[in-house]
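As a plain string of letters, each chain reads:
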Amino acid sequence: EAGVAQSPRYKIIEKRQSVAFWCNPISGHATLYWYQQILGQGPKLLIQFQNNGVVDDSQLPKDRFSAERLKGVDSTLKIQPAKLEDSAVYLCASSLGGGRTEAFFGQGTRLTVV
Amino acid sequence: GENVEQHPSTLSVQEGDSAVIKCTYSDSASNYFPWYKQELGKRPQLIIDIRSNVGEKKDQRIAVTLNKTAKHFSLHITETQPEDSAVYFCALLSGGGADGLTFGKGTHLIIQP
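Sequence lines, in order, name chains A and B.
Residue 716 is where the first sequence starts when you use the numbering used here, and the numbers rise one by one after that.
Residue 52 is where the second sequence starts when you use the numbering used here, and the numbers rise one by one after that.
Looking at chain A on its own, in the form it has when it is part of the complex (with noise of 0.2 Å):
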């Protein structure tokens, strides 16, 4: 079976500047996912969605992040201004029905802001 797939791999910006990720989940998988890694963490959930509706964002940082899933399927994460906290591979998720099933994860996007 098919992987999450993300791109790009690595992405180096200045802060203040405005980046873009993109995830295509497993086929089928109708819950959907972003969590952020900072070096040394575990990953902290950032959004969730089931098919094209949001189901948690509480810990997404509003003023500067954002997200879609356009059709259900593949997704984007925007971060406009970058700053350089933001630094942290971003990495995508995706499971058939919710946390009680396997989340699989993408490779993620390491994104340094300098």
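Pairs of lysine-lysine, DSS-like flavour, derived with a Cα cap of 25 Å:
(1) B:K156 - A:K759
(2) A:K759 - A:K730
(3) B:K73 - A:K759
(4) B:K122 - B:K109
(5) A:K726 - B:K93
Calculated directly from the structure, the hints in this document are not laboratory data.
Using the hints provided, position chain B relative to the given structure of chain A.
Frame of chain A; chain B shown alone:
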């Protein structure tokens, strides 16, 4: 949100010995407890999980135990091998409406030859 404390942060064991990693939590409504393994530069991958109606689950050299009364769960790896070297994360799902996992800070397991 729910917090999960994971210990130790680093664990070094001799090849062939056992390794135990423990996590504690506070929300008694938590009902799903997966463990993920993350090798350097790679994605987290599920290695075992347990649900709140079960006390223990085994899969070959890996086992997870859950003590709901004490609110802790542990990962046990027996007969450790070099390929077990990685960062291990415990996680949990709260009993609330959202389905996103809350992760611990991770344990760097080092298998000494």
